[in-house]
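The task is simple: from the sequences and hints, build the whole structure.
Just so you know, the protein sequences line up as chains A and B, in that order.
Read the first sequence against the working numbering and you will find it ends at 320, with the numbers running on by one and no gaps.
Read the second sequence against the working numbering and you will find it ends at 687, with the numbers running on by one and no gaps.
Where hints are given, some of them may not hold.
[Said to hold, decoys possible] Keeping only pairs whose Cα atoms sit at most 25 Å apart, straight-line, the calculated BS3-like set for lysine-lysine is:
(1) B:Lys666 - B:Lys584
(2) B:Lys659 - A:Lys283
(3) A:Lys275 - B:Lys659
(4) B:Lys560 - B:Lys648
Treat the hints as calculated values from the structure; they're not laboratory data.
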Amino acid sequence: MGVTRAINYYEDFEIGDKIRHQRGRTVTEMDNVMFTQLGLNTAEGHFNEDFMSKIRIGTWGGTRIVVGSFTIGLVIGLAAEDISENALAEIALDKIRLQTPVCHGDTLYAESEVLGKEDTDLFKGAGIVHFKVTGKNQEGKMVFEGEKKTVIKKREFYLKDDENFWPRK
Amino acid sequence: MAVKTFRRGNHYEDFKVGQKFRHHWGRTLSKSDNILFTHLTMHFNPIYLNKEYAKRFGYENVVINPQFIFHLTLGMSVEDLSEVGGPFLGVDNLSFINPVYPGDTLYAESVVIDMRESKSKPQFGIVTWKTSGINQKGKAVIEFERRNLVSKRGSLPQ
Numbered sequence: 152m153g154v155t156r157a158i159n160y161y162e163d164f165e166i167g168d169k170i171r172h173q174r175g176r177t178v179t180e181m182d183n184v185m186f187t188q189l190g191l192n193t194a195e196g197h198f199n200e201d202f203m204s205k206i207r208i209g210t211w212g213g214t215r216i217v218v219g220s221f222t223i224g225l226v227i228g229l230a231a232e233d234i235s236e237n238a239l240a241e242i243a244l245d246k247i248r249l250q251t252p253v254c255h256g257d258t259l260y261a262e263s264e265v266l267g268k269e270d271t272d273l274f275k276g277a278g279i280v281h282f283k284v285t286g287k288n289q290e291g292k293m294v295f296e297g298e299k300k301t302v303i304k305k306r307e308f309y310l311k312d313d314e315n316f317w318p319r320k
Numbered sequence: 530m531a532v533k534t535f536r537r538g539n540h541y542e543d544f545k546v547g548q549k550f551r552h553h554w555g556r557t558l559s560k561s562d563n564i565l566f567t568h569l570t571m572h573f574n575p576i577y578l579n580k581e582y583a584k585r586f587g588y589e590n591v592v593i594n595p596q597f598i599f600h601l602t603l604g605m606s607v608e609d610l611s612e613v614g615g616p617f618l619g620v621d622n623l624s625f626i627n628p629v630y631p632g633d634t635l636y637a638e639s640v641v642i643d644m645r646e647s648k649s650k651p652q653f654g655i656v657t658w659k660t661s662g663i664n665q666k667g668k669a670v671i672e673f674e675r676r677n678l679v680s681k682r683g684s685l686p687q
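Here is the structure:
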């Protein structure tokens, strides 16, 4: 056994497979404020509680909202150990929708579905898997949905090298 | 002495289809950006964690998590495009074109590709921009289309 598990190579995904990823994660004020600021996102709705307490647009407002690109990164991250651990590259995202705002203290869970598979010349011995990934909050409301295309190693090309990838004395 | 406030951001009325923006500052990526983002989002793929593993596949170093590249490219575009408010509606046709490594510098630019009024929220319009992230060599690293509600002048508190 090497540094990645041998359960999520290209061959292990079948169209129609659905995965409910095990771990949820509570989003904290630290996550939102730190990444909003590290990403140079200047929208006050993410870091000015006084400003946001005075605004309400539908379900949006009343308190700071977690920056959408962190929500996207976190849901994709929660899915990653299962679907991207043996990935060589992320090449595309599409149809990303953020239906329900995420606020500090919300807990997110991720699910994935395999939509398609195709060959690629981008890397040798790998193929592209097309996933739909969704994120829900503690009330089961959809906070993120999107599709991604990921280049994943084929077992037949990489299993041996992966198993042997470990420092030698 | 007069007290001035420099107001940032653009309203719906300030955009027109075809308008181009070069966004401010540029930002050099560091190892710590990638470590914080990859670890705190639990994105467990060793190409973002382990330099020796990443080199096996032709990468020159640990790769910066592309979700952070998206986050930063979008972030640099916000003051020009969406700071004055309006919920983020969606992203389509995003491509990660080239890997980014610690030490690379990212710039962001955008063009307005669509504008329309919001039927349900008359104080807003919906604007779509195509935003690109390029590195210090001028090579494209990311491209995406983003849609936001954008407030009209005077519709949100300043």
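Hint check results:
About 22 Å separates the Cα atoms of Lys666 (chain B) and Lys584 (chain B), which keeps this hinted pair within 25 Å; it holds. The straight-line distance between the Cα atoms of Lys659 (chain B) and Lys283 (chain A) is roughly 23 Å, inside the 25 Å bound, and the hint therefore holds. With a CA separation close to 31 Å, the supplied pair Lys275 (chain A) and Lys659 (chain B) exceeds the 25 Å bound. Pair hint Lys560 (chain B) plus Lys648 (chain B) does not hold up; C-alpha atoms about 45 Å apart against a cutoff of 25 Å.
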